[in-house]
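Based on the sequences and whatever the hints tell you, model everything.
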Amino acid sequence: KAGVTQTPRYLIKTRGQQVTLSCSPISGHRSVSWYQQTPGQGLQFLFEYFSETQRNKGNFPGRFSGRQFSNSRSEMNVSTLELGDSALYLCASSPLGYGYTFGSGTRLTVV
Amino acid sequence: DAKTTQPTSMDCAEGRAANLPCNHSTISGNEYVYWYRQIHSQGPQYIIHGLKNNETNEMASLIITEDRKSSTLILPHATLRDTAVYYCIVPNRDDKIIFGKGTRLHILP
Chain A
1 KAGVTQTPRY LIKTRGQQVT LSCSPISGHR SVSWYQQTPG QGLQFLFEYF
51 SETQRNKGNF PGRFSGRQFS NSRSEMNVST LELGDSALYL CASSPLGYGY
101 TFGSGTRLTV V
Chain B
1 DAKTTQPTSM DCAEGRAANL PCNHSTISGN EYVYWYRQIH SQGPQYIIHG
51 LKNNETNEMA SLIITEDRKS STLILPHATL RDTAVYYCIV PNRDDKIIFG
101 KGTRLHILP
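Residue numbers (our numbering), protein chains in the order written: chain A, 1 to 111; chain B, 1 to 109.
Calculated directly from the structure, the hints in this document are not laboratory data. Treat the hints loosely; a few may be bogus.
Claimed, not checked - Among the chain A residues that face chain B by a calculated CB cut under 10 Å, a handful are:
#1 HIS29
#2 ARG30
#3 SER33
#4 TYR35
#5 GLY58
#6 PRO61
#7 CYS91
#8 ALA92
#9 THR101
#10 GLY105
#11 THR109
What the hints assert, rightly or not - Pairs of lysine to aspartate or glutamate residues, derived as EDC-like cross-links and limited to a Cα-Cα distance of at most 20 Å, are as follows:
#12 A:LYS57 with B:ASP94
#13 B:LYS101 with B:ASP82
#14 B:LYS101 with B:GLU14
#15 B:LYS96 with B:ASP82
#16 B:LYS96 with A:GLU82
#17 B:LYS96 with A:GLU75
#18 B:LYS3 with B:GLU66
#19 B:LYS69 with B:GLU31
#20 B:LYS3 with B:ASP67
Said to hold, decoys possible - Here are some of the chain B residues that sit facing chain A, going by a computed Cβ distance under 10 Å:
#21 GLN42
#22 ASN92
#23 ASP94
#24 GLY102
A virtual CB, placed ideally from N, CA and C, is assigned to each residue, including glycine.
Below, the structure written as structure tokens:
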């Protein structure tokens with residue numbers, strides 16, 4: 001079966017812009033989590049959605065937001081981009097909220 | 001914060017068994033231990049998980065001590081493709097998976 005699909009794979013944005021990243025989970029998986037990975041901070045938890053509701057949230061500013069649709073697909077949005085938002089953004093899906101399968105990520109570069 | 005501690009890095013000769021330790025002294029009775037690995041520039045990959053019994057799958061074996069305060073991931077015959085960062089994780093009460101720094105495993109030819 002298809003894995004977790006993240007689009008786009010690469011993205012370059014300018015400071016101040018906003019960006020939307022997409023994640024399609026494995027069919028049947030209702031939980032989707034998002035992580036930010038930078039060389040300095042490692043993998044940091046952003047938020048988790050389960051059945052269209054945000055179930056958990058990490059320690060990120062309000063510029064980072066997300067949502068989940070009825071088909072379990074999820075999007076995350078970052079507004080007013082800063083240079084420090086340059087990172088690999090990873091999405092993971094799970095059928096029950098654990099045992100996650102990760103996508104290949106979206107590499108965002110803010111210039 | 002991550003609830004586990006792991007060595008920063010380890011070396012292992014190709015073909016030998018790689019034994020990666022993890023301490024999780026504050027683990028609760030019903031919390032699982034999960035192992036993931038991340039090969040450079042890829043998303044983390046699930047390896048194995050366990051509660052109290054030892055577990056084995058096609059990728060690795062997981063040995064959990066009787067008091068459950070530590071565990072060891074064993075890659076029986078390490079290859080160069082096993083070079084990666086290995087994460088030992090105990091999910092939070094709300095099933096949130098928090099990654100620590102992990103162990104950078106170098107397989108030496």
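Next item on the list: Closer than 10 Å between Cβ atoms is the bar; does B:ASN92 clear it against chain A? Give me holds or violated.
Entry: Holds: closest Cβ of chain A sits about 8 Å from B:ASN92, inside 10 Å.
Note to self: Given a cut of 10 Å on the nearest C-beta pair, is the interface hint for B:GLN42 held or broken against chain A?
What the structure shows: The hint holds - B:GLN42 has a Cβ within 10 Å of chain A, the shortest such distance being about 6 Å.
Check: Any CB of chain B closer than 10 Å to the CB of A:SER33?
Finding: Hint holds; A:SER33 Cβ to chain B Cβ min 7 Å, cut 10 Å.
Notebook entry, point to check: Taking the least C-beta to C-beta distance, is A:THR101 closer than 10 Å to chain B?
Noted result: At about 6 Å, which falls below the 10 Å cut-off, the nearest Cβ of chain B leaves the hint on A:THR101 intact, so it holds.
Next item on the list: Could you grab the alpha-carbon distance between B:LYS96 and B:ASP82 and see if it respects the 20 Å cut-off?
Entry: 26 Å, violated
Margin query: Quick check on the hint: A:GLY58 CB to chain B CB, less than 10 Å?
Written below: 8 Å, holds
Next item on the list: Starting from B:LYS3, check that the Cα of B:GLU66 is at most 20 Å away, please.
Entry: At roughly 18 Å apart (the allowed maximum being 20 Å), B:GLU66 and B:LYS3 satisfy the hint.
Margin query: Given the hinted pair B:LYS96 and A:GLU82, is their Cα-Cα distance within 20 Å?
Written below: Between B:LYS96 and A:GLU82 the Cα gap is close to 26 Å, so the pair fails against 20 Å, i.e. violated.
Next item on the list: For the pair supplied as a hint, A:LYS57 and B:ASP94, confirm whether the alpha-carbon distance does not exceed 20 Å.
Entry: Holds: A:LYS57 and B:ASP94 sit about 11 Å apart, inside 20 Å.
Item checked: Interface hint status, B:GLY102 versus chain A (Cβ within 10 Å) -> With a closest approach of 8 Å, the B:GLY102 hint holds.
Notebook entry, point to check: When the nearest CB of chain B is found for A:ALA92, is that gap smaller than 10 Å?
Noted result: Check passed: Cβ of A:ALA92 comes within 7 Å of chain B, closer than 10 Å.
Note to self: Min Cβ distance, B:ASP94 to chain A: is it shorter than 10 Å?
What the structure shows: Given a least distance of 6 Å, the restraint on B:ASP94 holds.
Violated hints, in rising order: 1, 2, 6, 11, 14, 15, 16; the structure is consistent with all others.
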